[in-house]
Amino acid sequence: MSPLAALFIRDIRLAIRVGGGGGIGVLFFLIVVVLIPFAVGPDLNLLARLGPAILWLGALLASLLTLDRLFAVDHDDGSLDLILMSDTPLEFAVAAKAAAHWLTTGLPLVIATPLLGLFMNLDAKASAAVMLTLLAGTPALTFIGLIGAALSVALRRGGLLLAVLVLPLTVPVLIFGVAASNAAIVGPLPFGTPFTILCALMLTSLVVGIFAAAAALRHGME
Amino acid sequence: MAIIDLANPTRFLNLAHRALPWLIEITGALFVVGLYLVYGAPDDYQQGATVKIMFIHVPSAWLGMFGWLLMSIAALGTLVWRHPLADVAAKAAAPIGASFTFLCLVTGALWGRPMWGTYWVWDARLTSVLILFLMYLGVIALWRTVEDPSRAARAAAILTLVGAINLPIIKFSVDWWNTLHQPASVIRLGGPSIYPTILVPLLVMALAFTLLFVTLHVAAMGNEILRRRVRALMLMQAQSAPGSGE
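Top line first, the protein sequences correspond to chains A and B. Numbering follows my numbering, in which position 113 of the first sequence is assigned residue number 113; successive positions increment by one, without gaps. Count along the second sequence from 1, then add 222; that gives the number in my numbering.
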């Protein structure tokens, strides 16, 4: 087994087994979405109009809050040093970890979206639109969050700092994610325009996020 | 003297020490001239005297962005050449840039109140400046969280460069978002062009503000170099103190 595959499988195992907390992201997502009607009132029309925005905000917070331990755990037990010293380029290792993180936290959020769409009074088409945008958008959130996770790896209060550093950078993803969902539900814009830009943002963050995170790890661990 | 000689912190301190009085005097003189010109500039036919907020607002906005540019150049110096003076320049620029961005937001709000009837609208420009301000706060928070100065410098440099890539994207997205939600309803400084009676005071004020930025930056860099020396001395003292196990 290649080192990258081993790292990928290890991260997935760590996330889904006891103590990994892989399901907590979805649970957090559920609770945020359930809390919103208590704040804005149970008006179903209003919830249907706000639905995509609420689902996107919930997914944004859920995927960021699960990121803060991504490198910190490896730093604590020393495996990050091994990853840094290995022959595998650090960028690939970071990408493998990001993929594992997305599979264990981002993808469950996407899968949970139709259920939460019911709570938000979204019809099938709207739910499908939000799901599709989250499918394209949550990898971008993971890759952007990766930078924050790498920067705050050795810090004692990394979690809050990560959110402060990363949330401003997620503004474009949020804008185009919600815009594409709304375009599919109410129009008047075609769904394709914002959705294509969302995909472009995801690909950009893939490149920038992985290289920046690897650089941050190299510089931070010296 | 080659430019590289300036990169020596001690030489920089000496030069800063000699240059600062001049910088302060020229900045002060430019502000006197600029404010006099602003006083003499005509009121806008629509906006009245409130248009004079522009002479503070526009230079602040420009310097808010200039600050990030300066930090990005310094960040390259930190990451490529590992130069301590680049660290110092980046660190000193962050609070100054944040202050000018904040000034831009506050003057914008004060200008918006009589013009738009509200302190804040989610206008595309205002929103992107607000996000720029939040990113400044993030960088400052990062500087303050990492204890070791050179590690903090490299972390902040990476964040600064990522921000430099992202800021145009954010600007573009916010423009797109705003035109989608609320078509141009905002009164701006209109007209086909800016008349010289307004343009000349604006340029003088922009120059004065830029020199103010440079003065504050040089002074802050000097302070930061001294602060690092104090820190190094204290670390040495703590190491040689009795009872430290040596």
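These are calculated hints, taken from the structure and not from any lab test. Don't take every hint at face value.
[Stated by the list, open to error] Straight-line distance between alpha carbons at most 20 Å, and here's what the computed SDA-like set of lysine to any residue pairs gives: (1) A/Lys-125 <-> A/Val-110; (2) A/Lys-125 <-> A/Leu-44; (3) B/Lys-393 <-> B/Val-260; (4) B/Lys-393 <-> A/Lys-125; (5) B/Lys-274 <-> B/Leu-291; (6) B/Lys-274 <-> A/Leu-44; (7) B/Lys-393 <-> B/Leu-291; (8) B/Lys-274 <-> B/Tyr-341; (9) B/Lys-274 <-> A/Val-110; (10) B/Lys-393 <-> A/Val-208; (11) B/Lys-393 <-> B/Ala-283; (12) B/Lys-393 <-> A/Leu-44; (13) B/Lys-393 <-> A/Thr-204; (14) B/Lys-393 <-> A/Leu-167; (15) B/Lys-393 <-> A/Leu-203; (16) B/Lys-274 <-> B/Leu-424; (17) A/Lys-125 <-> A/Pro-188; (18) B/Lys-393 <-> A/Val-110; (19) B/Lys-393 <-> A/Pro-168; (20) B/Lys-274 <-> A/Ile-111; (21) B/Lys-274 <-> B/Phe-253; (22) B/Lys-393 <-> A/Thr-193; (23) B/Lys-274 <-> B/Thr-419.
Report the numbers of all earlier hints that the structure fails to satisfy, in ascending order. 3, 4, 5, 6, 9, 12, 18 and 20
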